[in-house]
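Protein sequence lines correspond, in order, to chains S and Y. Following our numbering, the numbering of the first sequence begins with 7 at its first residue and continues without gaps. Following our numbering, the numbering of the second sequence begins with 451 at its first residue and continues without gaps.
If you are wondering where the hints come from, they were derived from the structure by calculation, not from laboratory data. All C-beta atoms, glycine included, are put in the ideal place defined by N, C-alpha and C. Errors might be hidden in some of the hints.
[What the hints assert, rightly or not] Simulated restraints on C-beta separations:
no., chain 1, residue 1, chain 2, residue 2, range
1, Y, Val-752, S, Ser-249, 47 to 55 Å
2, S, Thr-226, Y, Gly-535, 23 to 31 Å
3, Y, Asp-619, S, Lys-268, 18 to 26 Å
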Amino acid sequence: MNVTRTSPRALAAFAAMACACATVAGCSSSSGPAKPGSASSGPVTIQYWGWVPDMDKAIAIWNQQNPNIHVDYSQIVSNQATTKIQAAVQAGNAPCLAQVSDDSMLSYVADGLLQDVTGRAAQYQQNYLGWAWNQMQADGHTYGMPQDTGPTVFYYRADLFKKYGIAVPTTWAEYAADAQEIKQKDPSAVLGTLSPDDPGMFQALAWQNGATWWSTQGNTWVSDITGSQTQQVASYWQGLINSGDIKIVDRWAPTFYQDMQKSTVLSYIGAAWNASLIAQNVASESGDWRVAQMPVYNTSAPATANSGGSAVAVLKGCSNVAAALKFANWLDTSQASMNILASPSGGGLYPASTTALDYPVVNQNVAFYGGQNIYGEFKQSANEVSHNWNWGPVQTQVYTALGNELSSVALNKSTLTASLSSVQQTAVSALRSKGISVTTK
Amino acid sequence: MSALTRRTTGPERAPRRTAVKRQRGVVALFVGPFLALFLLVFAAPIVYSAIQSLYAERASGPLGLGGITSRFVGFANFSTVLHSGDYWHGMARVFLFGIVQVPFMLCAALALALALDSIAARGVAAFRTVFFLPYAIPGVVAALLWSYLYLPQISPYTKLLGVIGLHPDLLGPGLVLWSIANITTWTYTGYNMLIILSSLKTIPQELFEAARIDGASEWQIAWRIKVPAVRRALVLAGVLSIIGTLQLFTEPTVLQGISFGVSSTYTPTMYAFTAAFSNSDSGVASAGSIVVALLAGVLSVVYYRFTMRKADA
Chain S
7 MNVTRTSPRA
17 LAAFAAMACA
27 CATVAGCSSS
37 SGPAKPGSAS
47 SGPVTIQYWG
57 WVPDMDKAIA
67 IWNQQNPNIH
77 VDYSQIVSNQ
87 ATTKIQAAVQ
97 AGNAPCLAQV
107 SDDSMLSYVA
117 DGLLQDVTGR
127 AAQYQQNYLG
137 WAWNQMQADG
147 HTYGMPQDTG
157 PTVFYYRADL
167 FKKYGIAVPT
177 TWAEYAADAQ
187 EIKQKDPSAV
197 LGTLSPDDPG
207 MFQALAWQNG
217 ATWWSTQGNT
227 WVSDITGSQT
237 QQVASYWQGL
247 INSGDIKIVD
257 RWAPTFYQDM
267 QKSTVLSYIG
277 AAWNASLIAQ
287 NVASESGDWR
297 VAQMPVYNTS
307 APATANSGGS
317 AVAVLKGCSN
327 VAAALKFANW
337 LDTSQASMNI
347 LASPSGGGLY
357 PASTTALDYP
367 VVNQNVAFYG
377 GQNIYGEFKQ
387 SANEVSHNWN
397 WGPVQTQVYT
407 ALGNELSSVA
417 LNKSTLTASL
427 SSVQQTAVSA
437 LRSKGISVTT
447 K
Chain Y
451 MSALTRRTTG
461 PERAPRRTAV
471 KRQRGVVALF
481 VGPFLALFLL
491 VFAAPIVYSA
501 IQSLYAERAS
511 GPLGLGGITS
521 RFVGFANFST
531 VLHSGDYWHG
541 MARVFLFGIV
551 QVPFMLCAAL
561 ALALALDSIA
571 ARGVAAFRTV
581 FFLPYAIPGV
591 VAALLWSYLY
601 LPQISPYTKL
611 LGVIGLHPDL
621 LGPGLVLWSI
631 ANITTWTYTG
641 YNMLIILSSL
651 KTIPQELFEA
661 ARIDGASEWQ
671 IAWRIKVPAV
681 RRALVLAGVL
691 SIIGTLQLFT
701 EPTVLQGISF
711 GVSSTYTPTM
721 YAFTAAFSNS
731 DSGVASAGSI
741 VVALLAGVLS
751 VVYYRFTMRK
761 ADA
């Protein structure tokens with residue numbers, strides 16, 4: 007061992023430095039025209055940071071068609087975005103627009119990184135899915151425009167379902183029965199998985215059941231992570247864990263797809279953006295996979311959830327909000343942009359715009375899924391996402407705590423139901439330590 | 451006479467004074483860049499971190515959505531760290547790690563150094579390079595490399611162990627600490643061996659000749675002459691290892707991705723990292739880091755005093 011091991015502090019300093027360099031370089035081109043008041047006269051430059059693949063191609067089309075609003079795009083890495091944006095806003099040289107994941111929006115607002123654009127954004131609201139627009143808001147104020155969503159669906163091996171004589175489960179009761187049956191017929195195989203390193207997925211299961219972990223009462227946050235809807239989900243999955251009918255496995259471990267390749271994991275519940283990941287990682291099973299709606303608790307009022315999804319948010323200090331929003335709306339709704347961003351071989355995102363859901367690019371038959379138009383399933387799920395869900399301002403802490411708890415559950419040191427109160431405690435004390443008033447339901 | 455001497459010494463003194471002045475200027479010119487860099491890149495970050503540890507970010511406005519302000523909170527961040535179960539669990543973990551791994555690694559390094567230094571050794575240069583090679587591999591790469599060797603689905607080791615009926619869960623909560631210890635031992639044994647080896651090379655050859663004439667065996671020479679002579683090098687390697695252990699970060703962070711047994715606060719530095727980058731609480735992160743630094747300093751001094759007193763006695 008030695009003393010040269012990179013410490014977190016050194017990393018932070020390096021990140022800040024790298025960031026400063028990037029923004030300085032980016033700024034020089036926009037410092038001239040981007041002054042308040044000069045927006046109407048002459049061309050303006052809008053800086054935009056994001057991480058969607060092929061984004062530069064979409065921006066090139068915009069820049070060609072809109073000589074008066076030039077967009078200057080920089081690609082960033084999604085899991086470094088927050089640190090980078092924080093540093094840039096504090097230094098006063100942040101871009102006008104940045105990609106922000108839905109679940110971080112409230113944290114960004116609380117940290118003072120976003121700009122309230124309620125008035126100017128209102129005219130675009132009708133272009134988007136209602137629940138997706140809700141993700142852009144905090145306490146009734148709007149801070150950006152939705153770009154993509156991750157409606158959750160059920161991916162499954164049609165060939166193996168046939169082999170084991172199992173029907174696609176439409177309810178969670180059927181899912182549990184299928185899981186048990188598969189285990190009986192082949193002890194080496196399981197119907198599905200639960201992943202400690204994907205706390206967002208467990209959260210989505212609660213979201214589907216109509217839970218919301220956060221609401222507000224006057225000036226106070228109300229945390230309801232231990233609410234009855236979430237409890238129901240927790241005890242359901244704890245039952246499946248106890249019986250051994252599902253498998254606990256890390257979603258982002260390099261071995262995740264090996265179980266699929268060995269045909270020992272028969273299905274996966276996840277967001278739309280998993281479609282291309284599965285296709286790429288188990289290419290040998292082309293034609294065997296299909297997509298269906300995820301199981302529900304109540305067939306008379308089917309609901310789904312969202313996992314992942316992001317916004318084009320307006321950062322503090324943006325002086326050309328009108329032009330920035332005009333561009334953002336084009337980017338998130340126009341066919342020219344979506345042909346690139348939503349292409350399975352390009353950006354691969356699933357649009358949050360209602361009109362975009364009908365574009366041919368997101369209504370094609372996919373060979374890997376046996377020629378099925380999987381987008382029809384995504385669209386149905388996107389339209390049935392539960393509207394109850396609200397984000398809180400300490401989402402990263404919630405994910406970290408939930409991830410640690412799920413690991414304990416995987417080791418049989420804790421149960422899902424017991425975990426919830428621990429996660430809630432962490433979330434509540436995180437809010438209190440920031441001096442924010444919070445109570446539990 | 452006195453006037454004469456005054457006249458002669460007068461002009462003599464003046465140039466000396468300007469020479470001293472000029473000399474001072476030259477000294478400043480040479481020391482200045484060092485001092486500026488020292489203050490800028492060494493002292494300033496420490497001072498900044500210490501100041502930061504006394505501040506906390508507080509939300510403002512309705513529902514805390516009005517942005518954040520920094521407020522002086524005294525030692526509240528230190529209190530948070532010192533009262534955190536996660537932090538002390540992490541600390542206990544690295545202590546257990548250090549007590550087992552550091553002596554093991556130093557013994558291995560000493561054995562390798564003695565072997566390479568023995569007169570019978572052949573191909574010394576080649577072996578020295580091979581042993582040192584793991585240190586040249588970046589820590590993250592080494593950890594990734596080993597993580598593939600630990601994953602039960604793809605590891606050749608688990609297959610080999612399976613043949614003889616052993617099925618250890620190298621990434622399970624019981625063993626993962628030792629899987630991490632294995633990575634650090636693999637990486638740093640060669641480095642420590644080099645420290646010891648360079649110390650062995652400074653022992654005068656006459657001592658060995660004298661010992662041989664007196665009938666000492668090679669074993670006796672190793673134990674009675676070589677080991678005592680490299681004690682200072684061992685102490686240095688020990689101090690570096692203690693500091694490194696307290697800073698344990700890269701390996702557990704990489705293994706966190708594949709092991710349920712590694713949490714986000716597995717070691718004290720990971721605790722600080724999580725505080726800084728997932729909780730955006732730079733105050734607690736600074737306080738946590740400062741406690742690690744202080745403990746590393748205290749432990750190093752205690753260890754140094756203890757071992758050197760024994761050496762002198």
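Looking back at the hints listed earlier, which ones does the structure fail to meet? Going through the list in order, the structure violates no hint and respects every one.
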